[in-house]
Amino acid sequence: MLDHKMTCPLQTDNTDILLDYCSRSLDPDRRAMFERHMAHCAECRDMASAQSEIWMAMDAFEAEPVSADFDQKLYARIDRLEHVPVWDKFWAPVRSYLQGQPAWKPALSVAAASAALAVVFFVRTDVMAPRLMPAINVQEVVEAEKALEDLDMLGQLESESPQSEKETI
Amino acid sequence: MAVATLERDAELMLRVREGDTHSFGLLLERHRVPVIHFLCRMVQNQPVAEELAQEVFLRVYRSRANYEPTAKFTTWLFRIASHLALNWIRDKRHERGQESLDAEVQEGMSRQVQDRGMSAEQSLVRQSKFEEIRRAIDGLPEKQRAAVLMHKYDEMEYSQIASVLECSESAVKSLLFRAYESLRARLAHMA
Chain A
1 MLDHKMTCPL
11 QTDNTDILLD
21 YCSRSLDPDR
31 RAMFERHMAH
41 CAECRDMASA
51 QSEIWMAMDA
61 FEAEPVSADF
71 DQKLYARIDR
81 LEHVPVWDKF
91 WAPVRSYLQG
101 QPAWKPALSV
111 AAASAALAVV
121 FFVRTDVMAP
131 RLMPAINVQE
141 VVEAEKALED
151 LDMLGQLESE
161 SPQSEKETI
Chain D
1 MAVATLERDA
11 ELMLRVREGD
21 THSFGLLLER
31 HRVPVIHFLC
41 RMVQNQPVAE
51 ELAQEVFLRV
61 YRSRANYEPT
71 AKFTTWLFRI
81 ASHLALNWIR
91 DKRHERGQES
101 LDAEVQEGMS
111 RQVQDRGMSA
121 EQSLVRQSKF
131 EEIRRAIDGL
141 PEKQRAAVLM
151 HKYDEMEYSQ
161 IASVLECSES
171 AVKSLLFRAY
181 ESLRARLAHM
191 A
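Same order as they appear, the protein sequences are chains A and D. Going by the numbering used here, 141 is the number at position 141 of the first sequence; the sequence numbering is gapless. Going by the numbering used here, 110 is the number at position 110 of the second sequence; the sequence numbering is gapless.
Simulated from the structure, these hints should not be mistaken for lab results. One should not assume that every hint holds.
To be verified - Listed next, the stretches of chain A that the computed footprint assigns to chain D, with coverage defined by at least 3 CB atoms under 8 Å from CB atoms of chain D:
| # | stretch |
| --- | --- |
| 1 | 15 to 21 |
| 2 | 29 to 35 |
| 3 | 53 to 59 |
Beta carbons: idealized from backbone N, C-alpha and C, even for Gly.
The whole structure should be built from the sequences, with the hints applied where relevant.
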């Protein structure tokens with residue numbers, strides 16, 4: 001229960017009631033109760049008024065429209081990812097890293113390690129010419145690592161998700 | 001888990017896993033704008049935001065083969081987006097320092113407010129309001145900024161924001177209250 005006789009939400013760390021009230025996401029019953037409380041609590045009234053003003057002012061922070069060729073660029077990247085020659089794939093993350101592109105940095109260490117491995121294999125295959133070692137697809141290693149990283153995030157979400165969220169999936 | 005009880009996004013993602021690229025297109029259609037707008041408000045630079053968004057969807061596509069609908073799809077999507085944005089902000093801060101980052105941000109957002117049949121005066125007022133809000137949001141610590149953006153512009157619940165930011169629900173409420181408190185203080189003159 002929350003009315004003017006109850007403890008003020010600002011004094012009990014129930015500030016989400018105030019935020020929900022200002023964002024109009026409070027259910028009707030709690031909204032009515034909070035309004036009854038505010039009629040007698042100047043602190044909550046002032047806070048709600050200031051928060052509502054900010055909430056509305058933030059509407060002015062509009063995001064720019066998305067570029068018309070966003071999808072085209074994405075599909076081109078997907079296409080490149082799936083069809084480029086092995087050596088191009090190998091150098092792409094290294095090149096991106098050197099150019100300061102985002103999100104490729106972890107690939108450098110993998111690529112460097114894979115390059116070292118590849119050199120070792122080339123040297124060894126020269127020595128053991130009759131039984132060639134199978135070629136290593138370096139990009140597969142890099143991609144697998146990144147995919148595992150992303151799936152790891154998904155896995156973490158599962159372990160953190162409350163039961164209610166799991167039921168909605 | 002029965003397919004009928006799956007959320008629509010998870011259902012589409014499972015189809016992508018089976019090789020249905022059309023479903024990936026539908027996912028892109030549903031989430032392209034919210035993800036880019038979130039990133040744009042986070043990094044405050046449109047070209048960078050689109051580049052990061054490309055990486056988000058590329059990562060989703062790359063993970064398709066092993067995808068399992070263990071959590072809400074949008075939570076996963078925004079977690080990837082948040083990670084990329086927070087890393088970008090931290091990298092930039094290390095590289096250039098806050099002062100020049102701010103200059104770059106202004107440049108990246110300068111086309112933001114467009115004239116929509118407004119008078120020159122209205123347009124100026126709008127531009128100035130936009131700029132004040134942008135600066136106030138930019139002044140928030142990264143995690144508070146991410147929480148506020150998901151709360152205000154993506155209408156996410158506290159539990160979902162908590163999952164995205166990998167913290168507790170009460171921590172999110174506290175983050176949000178502190179963030180809005182800062183915004184109220186910085187933007188008091190606009191009220």
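For each hint, the structure was consulted:
Under the rule that three or more residues need a Cβ within less than 8 Å of chain D, the assignment of the stretch 15 to 21 of chain A holds, with 3 such residues. Interface restraint, the stretch 29 to 35 of chain A with chain D: violated (0 residues with C-beta to C-beta distance below 8 Å; minimum three). Judged by the Cβ-Cβ criterion of 8 Å, the stretch 53 to 59 of chain A is covered by chain D as claimed, because 5 of its residues qualify and three suffice.
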